[in-house]
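**Student:** Residues in the sequence shown are numbered from 1 upward in steps of one, following the numbering used here.
FYI, nobody ran anything at the bench for these hints, they're computed from the structure. Any given hint might turn out to be false.
[What the hints assert, rightly or not] Below are the DSS-like pairs computed for lysine-lysine, each with C-alpha atoms no more than 30 Å apart in a straight line:
1. 515 to 499
2. 272 to 203
3. 11 to 455
4. 455 to 510
5. 515 to 11
6. 303 to 363
7. 303 to 272
8. 468 to 541
9. 287 to 272
10. 175 to 233
11. 355 to 203
12. 311 to 248
13. 57 to 203
14. 11 to 355
15. 233 to 11
16. 546 to 11
17. 248 to 303
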Amino acid sequence: MMMKPKTAYAKSGDINIAYQVFGSGSVDLVYIPGWVSNIDLMWSCPELVNFFEELGKFARVILFDKRGTGLSDRVVDFATLEERMEDITVVMDAVGSEQAILFGHSEGGSVSALFSATYPERVISLITFGIFAKRRYAEDYPWAPTDQERQQVYDMIESNWGSGEMNLESLAPSKADEPVFMEWLANYFRSGASPRAAMVLTKMNTQVDIVDILSSIKVPTLLLQRTDDIDVKIEEGAFIAEHIPGAKFVELEGNDHLFWVGNTDIVLEEMKSFILNIEPEPVYEKKLYTVMIGHLEVSEDNKLHQQLICKCVNQHQGQIASYTSQTFTATFEGPSKAVHCSTDLVHLMQEHNAKLSLGIDIKECYIRHCICEETEGFAATIFKDPMPNQIIVTQTVKNLLIGTNVSFTPYKSVFKTESGQSLLLFTIAEKPKSNTSQYKVDQDKIHANDSFLGKVLQNIDHHMSNEKFGVEMLCQEIGISERQLQRKLKSITNKSPNKLISSVRLNRAKELLLKQQHSIAEIAFQAGFTNPSYFSKCFKKEFAIKPSDLIRP
Numbered sequence: 001m002m003m004k005p006k007t008a009y010a011k012s013g014d015i016n017i018a019y020q021v022f023g024s025g026s027v028d029l030v031y032i033p034g035w036v037s038n039i040d041l042m043w044s045c046p047e048l049v050n051f052f053e054e055l056g057k058f059a060r061v062i063l064f065d066k067r068g069t070g071l072s073d074r075v076v077d078f079a080t081l082e083e084r085m086e087d088i089t090v091v092m093d094a095v096g097s098e099q100a101i102l103f104g105h106s107e108g109g110s111v112s113a114l115f116s117a118t119y120p121e122r123v124i125s126l127i128t129f130g131i132f133a134k135r136r137y138a139e140d141y142p143w144a145p146t147d148q149e150r151q152q153v154y155d156m157i158e159s160n161w162g163s164g165e166m167n168l169e170s171l172a173p174s175k176a177d178e179p180v181f182m183e184w185l186a187n188y189f190r191s192g193a194s195p196r197a198a199m200v201l202t203k204m205n206t207q208v209d210i211v212d213i214l215s216s217i218k219v220p221t222l223l224l225q226r227t228d229d230i231d232v233k234i235e236e237g238a239f240i241a242e243h244i245p246g247a248k249f250v251e252l253e254g255n256d257h258l259f260w261v262g263n264t265d266i267v268l269e270e271m272k273s274f275i276l277n278i279e280p281e282p283v284y285e286k287k288l289y290t291v292m293i294g295h296l297e298v299s300e301d302n303k304l305h306q307q308l309i310c311k312c313v314n315q316h317q318g319q320i321a322s323y324t325s326q327t328f329t330a331t332f333e334g335p336s337k338a339v340h341c342s343t344d345l346v347h348l349m350q351e352h353n354a355k356l357s358l359g360i361d362i363k364e365c366y367i368r369h370c371i372c373e374e375t376e377g378f379a380a381t382i383f384k385d386p387m388p389n390q391i392i393v394t395q396t397v398k399n400l401l402i403g404t405n406v407s408f409t410p411y412k413s414v415f416k417t418e419s420g421q422s423l424l425l426f427t428i429a430e431k432p433k434s435n436t437s438q439y440k441v442d443q444d445k446i447h448a449n450d451s452f453l454g455k456v457l458q459n460i461d462h463h464m465s466n467e468k469f470g471v472e473m474l475c476q477e478i479g480i481s482e483r484q485l486q487r488k489l490k491s492i493t494n495k496s497p498n499k500l501i502s503s504v505r506l507n508r509a510k511e512l513l514l515k516q517q518h519s520i521a522e523i524a525f526q527a528g529f530t531n532p533s534y535f536s537k538c539f540k541k542e543f544a545i546k547p548s549d550l551i552r553p
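Build out the structure end to end from the sequences listed, making use of the hints.
**Tutor:** What follows is the structure in structure tokens.
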């Protein structure tokens, strides 16, 4: 039997993602697990180890625990789909994998599908087992659980997490009479997530809806599913296959939801055959982008406004695709980046006496020039009666904003696509806290005694030059647990404590750079960075410019 591989960690923002690598195959395969996982406990299950051993004969296999589960950092809030895609990216980068096959199981199939549509240049092919497109009943997707059925799952987690009352037999009916396996499975879930984390993940799964992006998946795709799977209905796999161009759907006998039990030989044969017969890498002209369109009303020359808009879009990792005197189009590799950018833009334009109306949709765009040819109809709908300082999003965008601090209100209009499909529109009813907002510590403006955020910022400012100052010390200063601090800052700023500390330091460094009184290295040390090179890297990521760009010759 194979030995357990070494566990290593990759940094995704300030979250540590645990991963392992094994296998002697010539092609990389990243396994995206389902609901919860623990990559150490996987190696305590002989059936799973045997599956991995066979898989490793024709692939280099990369395992990881998604944030909040297993050996990765535990988090108390929803992870956005974009954050989860970033976790895949950093793990691939950490092991030097430029391209890989994605193997998504159950809930892991959702992010695998979205990643394949968003980053096709990094995906050789997509393989899934027992995945779903929605986890909540709808007339156009009647196989998903009803709200009452999901509530039963919530109640089970609340009362019986990790015990024998979890109805685990439904996941592996063929193993129901094997107490050793069933005990391992219960231990696996307990070690994969705490009851609270399991509840957060389950509620997040309930909101999953990737139906609208399926047609944008152009990579070779293999969908595997067992006929009598109780957890995910066979009709769901057939539905997904119908909506992914050229997808191969293989229906297998049996009722196990876990791929590593039951008729595993057939599963491995299908995977191996598909992997070894993939055509040479195609050149993808298009991929999935989040598209923002803006309409600007100004009473004076708008050159300044254009500069501010371009800078803000760059800070949120977007690109300007086109710009006229009154309109612009920008593209982003994820909806939360676009939404956070849009709220910042509205307030930025208000500060400069301009009115801005924005619309956000998700479309396939040409990769080379980030041009989307199908925004005209959407723009006409949004700007027919432009509402100043309003942000309108399509239902597709709304469905992919799981885990963000955004609430929505239905909009009066319905967007008709070129195919005749009707898409509901929504306005953002509550401003999400930007993940790149600037936090300037000004003692005249912040009243620490009556402001939690003010107290946090004051403490960060007080320890600005102390490179050892971090979350633990901040919690001690404020008299609050790390979990409470993370939850409060997430709700106020949509930032983790580490990200907030870094953002405050970088903004202070920016102020000092603009004063032109010290060298970049000196300012880095004053802002709590011991390595000027690392400081420059962080600065560019935060502001989309290098520190040296602010130094006048």
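**Student:** Hint by hint, which ones does this structure get wrong, listed from lowest number up?
**Tutor:** Numbers 2, 5, 7, 11, 12, 13, 14, 15 and 17, in rising order.
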